[in-house]
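Novice: Go ahead and model the full structure; you've got the sequences and the hints to work with.
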Amino acid sequence: MSEPLYSIPARFRRIENLHILLWLVKDISWAMLWRPLGIAMLVPTLTVAILITWQTRKMKSELFHNLAVVFWICANGYWMIIEFYGYDEPLRIYTTIPFSIGLFFIVAYYLVILPRERKKKLKLAAAALEVQEEVIQN
27 MSEPLYSIPA RFRRIENLHI LLWLVKDISW AMLWRPLGIA MLVPTLTVAI LITWQTRKMK
87 SELFHNLAVV FWICANGYWM IIEFYGYDEP LRIYTTIPFS IGLFFIVAYY LVILPRERKK
147 KLKLAAAALE VQEEVIQN
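Everything in the sequence shown is counted per the numbering used here, starting at 27 for the first residue and increasing by one.
Cβ-Cβ distance ranges computed for the label pairs, FRET-style: (1) Tyr-113 <-> Lys-146: 41 to 49 Å; (2) Ala-153 <-> Tyr-113: 52 to 60 Å; (3) Glu-42 <-> Ala-66: 17 to 25 Å; (4) Leu-117 <-> Lys-146: 39 to 47 Å; (5) Ile-76 <-> Ala-153: 36 to 44 Å.
Calculated directly from the structure, the hints in this document are not laboratory data.
All residues carry an ideal CB built from backbone N, CA and C; glycine is no exception.
Specialist: Quick look at the structure:
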């Protein structure tokens, strides 16, 4: 039995590659303390993450993982900004809110959505097998 092939349209892949570039520039700017560029890069990085989430919304696995990424970038961006302005010690704790929301999406996918999809797939396979057996018997 061969493993199912996973593929996405090329235009989605190009946007995901662009997203990696934007995210890296944002994080390098943060690491180098380039405040204006770091803050400016947050907007396109988050915008492209939201676009990717929208484009893949019909694939539950992609949707839930990309929602987690959106909230990760929100937490990451908030942390970067408060660190740039010297408020990271008293305010960093609030990054746990978007980080936790992202984690919620991952946990929900693996503990609820994926098992439900697998159960549904097994029922469909069993029904198809039943139909084939009826056809053979008749």
